[in-house]
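2 protein chains.
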Amino acid sequence: MVYQLYYWPTIQGRGEFVRLALEEAGAAYVDVARGEHGMKELMAALAAGDHPSFAPPFLKAGALTIGQVANILLYLGEHLHLAPRGEAARIWTHQLQLTIADLVAEAHDTHHPVSSDAYYEDQKLEAKQRAAEFVKTRIPKFMDYFAKALADNDYLNGAHVSYADLSLFQVIAGLRYAFPKALARAEKKQPALTRLFDRVAQRPRIAAYLASPRRLPFSEEGIFRHYPELDH
Amino acid sequence: MVYQLYYWPTIQGRGEFVRLALEEAGAAYVDVARGEHGMKELMAALAAGDHPSFAPPFLKAGALTIGQVANILLYLGEHLHLAPRGEAARIWTHQLQLTIADLVAEAHDTHHPVSSDAYYEDQKLEAKQRAAEFVKTRIPKFMDYFAKALADNDYLNGAHVSYADLSLFQVIAGLRYAFPKALARAEKKQPALTRLFDRVAQRPRIAAYLASPRRLPFSEEGIFRHYPELDH
Chain A
3 MVYQLYYWPT
13 IQGRGEFVRL
23 ALEEAGAAYV
33 DVARGEHGMK
43 ELMAALAAGD
53 HPSFAPPFLK
63 AGALTIGQVA
73 NILLYLGEHL
83 HLAPRGEAAR
93 IWTHQLQLTI
103 ADLVAEAHDT
113 HHPVSSDAYY
123 EDQKLEAKQR
133 AAEFVKTRIP
143 KFMDYFAKAL
153 ADNDYLNGAH
163 VSYADLSLFQ
173 VIAGLRYAFP
183 KALARAEKKQ
193 PALTRLFDRV
203 AQRPRIAAYL
213 ASPRRLPFSE
223 EGIFRHYPEL
233 DH
Chain B
3 MVYQLYYWPT
13 IQGRGEFVRL
23 ALEEAGAAYV
33 DVARGEHGMK
43 ELMAALAAGD
53 HPSFAPPFLK
63 AGALTIGQVA
73 NILLYLGEHL
83 HLAPRGEAAR
93 IWTHQLQLTI
103 ADLVAEAHDT
113 HHPVSSDAYY
123 EDQKLEAKQR
133 AAEFVKTRIP
143 KFMDYFAKAL
153 ADNDYLNGAH
163 VSYADLSLFQ
173 VIAGLRYAFP
183 KALARAEKKQ
193 PALTRLFDRV
203 AQRPRIAAYL
213 ASPRRLPFSE
223 EGIFRHYPEL
233 DH
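Protein sequences appear in the order of chains A and B.
Residues in the first sequence are numbered consecutively from 3, following this note's numbering.
Residues in the second sequence are numbered consecutively from 3, following this note's numbering.
Simulated from the structure, these hints should not be mistaken for laboratory data.
Beta carbons are placed, not taken as given, at the ideal position from N, Cα and C, and that holds for glycine.
Among these hints, one or two may not hold up.
Think about it this way: if two alpha-carbon atoms lie no more than 30 Å apart in a straight line, the pair counts; the simulated DSS-like pairs of lysine-lysine are [claimed, not checked]:
1. K143(A) to K130(B)
2. K62(B) to K150(A)
3. K143(A) to K126(A)
4. K143(B) to K126(A)
5. K126(B) to K126(A)
6. K126(B) to K143(A)
7. K42(A) to K143(B)
8. K150(B) to K62(A)
9. K42(B) to K130(A)
10. K62(B) to K130(A)
11. K150(B) to K130(A)
12. K42(A) to K138(B)
13. K143(A) to K42(B)
Covered by chain A, according to a simulated footprint, are these stretches of chain B (three or more residues, beta-carbon under 8 Å) [as the list claims (entries may be wrong)]:
14. 36 to 43
15. 53 to 59
16. 70 to 76
17. 83 to 95
18. 117 to 126
19. 130 to 136
Chain A is nowhere near these chain B residues, computed Cβ spacing over 12 Å in every case [said to hold, decoys possible]:
20. K143
21. K190
22. A213
Work the whole structure out from these sequences, hints included.
Structural data, given as structure tokens:
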């Protein structure tokens, strides 16, 4: 099976959580919108079919079209062996993923607190207020939570990597880019998260992916944006 | 099995999506924090156990503790027959639920765009800006999406009710409370959503629940708040 991922072609964004899972599994996939006429294909596919997505990313897997990052990962977790099989651990992995999704949404809203349609430059003052709370209370609260979930284990579920580990790696990478000062503090307090980050980054397929041109750079077009005035 | 739901005792909030599923299924459950010493039990349970939740609601189901609304509903959907069994329809139901969760988060942020910790009164100007976009573009976009998903069917999955229908009912109820003008416009454009709302409200167990003291009222403490200045 060749998976088809539909996501914006120039940013990591929410699509990156899916890319990391596909890469770790060594799955065959096409990043559709990055091909020729890809944006046209993306926009056409977005509104088509019985199960349209509200927004990218979405994944075509044979006859299925699956939207929402956590839902895509739930599916891939099962089919690509990136999640535990037992019910309790499977549910827990998904719970962690949904909590990561909440953190990602909050990270986005630091630079767009008032309007997703307007420019950052038009909501800089409000962004500064929102980011202050994010940096001071939200990042530490989320990082403490994930460190507690990780405990002394290699991965969130113990010895075996899951899609939630890949996503936690990506969130740490994104927050390091966007809020380097705040993340340095958080990781100093929770060194287990740094170890998790390194462990994921060194997995052979992830390391190869990160070094490849398939890995897009972070930028001020994505979810994690580095505006120095928001980082304290 | 008697389920134990842990959620804030005085608001519908995110817990209501779980309550509606338990009620529709006729499940035996305790709304823990609404009992004597309930808040103490809630706070103690929140940080306890191997699988703690980042925030309420969470559900105890035998030996399992499950956090995140969509995750709880995924579990209850399977165990209480509130979701289709086939993979494609099961995934689609969860996708709709996660999209509803996005809408709920956006509805919350209309009155708290800058800080979740601060009062609405301290961010009224920013709330007015954020709500303007929510009312003008986001509500119509979400409502059009769900109406398209519903099409001419009785329920989102066809003939049988699922947890996503109950959640869509709750979102419509909440938006009607918070943004009556905007919702009247949206429902006029998408009468299928009004029919879905009525169909859910008239299900015997839901009707009995809505008429009971178990159903808390909407208020300006919850997610859906009626501030007339935000509704256009």
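Each hint tested on the structure:
A distance of roughly 28 Å separates the Cα atoms of K143(A) and K130(B); the hinted pair therefore holds under the 30 Å criterion. Between K62(B) and K150(A), the direct Cα distance comes to roughly 20 Å. Compliance with the 30 Å bound is thereby established for this hinted pair. The straight-line distance between the Cα atoms of K143(A) and K126(A) is roughly 24 Å, inside the 30 Å bound, and the hint therefore holds. Of the supplied pair hints, the one linking K143(B) and K126(A) holds, its CA atoms being roughly 26 Å apart against a limit of 30 Å.
The straight-line distance between the Cα atoms of K126(B) and K126(A) is roughly 17 Å, inside the 30 Å bound, and the hint therefore holds. Taken as a hint, the K126(B) and K143(A) pair is honoured in the structure, with Cα atoms around 26 Å apart against an allowance of 30 Å. A threshold of 30 Å between alpha carbons decides the hint, and for K42(A) with K143(B) the separation of about 21 Å falls inside it, so the pair holds. Taking the CA atoms of K150(B) and K62(A), the gap is near 20 Å; set against the 30 Å cutoff, the hint holds.
Simply put, K42(B) and K130(A) have alpha-carbon atoms about 35 Å apart, too far for the 30 Å limit, and the pair is violated. At most 30 Å may separate the alpha-carbon atoms for a hinted pair to count; K62(B) and K130(A) exceed this at roughly 39 Å. Between K150(B) and K130(A), the direct Cα distance comes to roughly 38 Å. Violation of the 30 Å bound is thereby established for this hinted pair. At most 30 Å may separate the alpha-carbon atoms for a hinted pair to count; K42(A) and K138(B) meet this at roughly 27 Å.
Restraint check for K143(A) and K42(B): the C-alpha separation of about 21 Å stays at or below 30 Å, so the hint holds. Only residues whose C-beta sits within less than 8 Å of a C-beta in chain A count toward coverage, and the segment 36 to 43 of chain B has 0 of them, not enough to reach three; the restraint is violated. Under a criterion of three residues with beta carbons nearer than 8 Å to beta carbons of chain A, the stated coverage of the segment 53 to 59 of chain B is upheld, 4 such residues being counted. Check on the segment 70 to 76 of chain B: 4 of its residues sit with their Cβ under 8 Å from a Cβ of chain A, so the three-residue criterion for coverage holds.
Counting residues of the segment 83 to 95 of chain B whose CB lies closer than 8 Å to any CB of chain A gives 4, which reaches the minimum of 3, so the coverage claim holds. Counting residues of the segment 117 to 126 of chain B whose CB lies closer than 8 Å to any CB of chain A gives 3, which reaches the minimum of 3, so the coverage claim holds. Given as covered by chain A, the segment 130 to 136 of chain B passes the check, having 3 residues with a CB less than 8 Å from a CB of that chain where 3 are the minimum. The beta carbon of K143(B) sits about 8 Å from the closest Cβ of chain A, which is not more than 12 Å, so the claim that it is off the interface is violated.
The Cβ of K190(B) lies farther than 12 Å from every Cβ of chain A, with a closest approach of about 22 Å, so its non-interface assignment holds. A cut-off of 12 Å between C-beta atoms confirms that A213(B) is not in contact with chain A; the least separation is 32 Å.
Hint compliance for this structure: hints 9, 10, 11, 14 and 20 are broken, all remaining hints hold.
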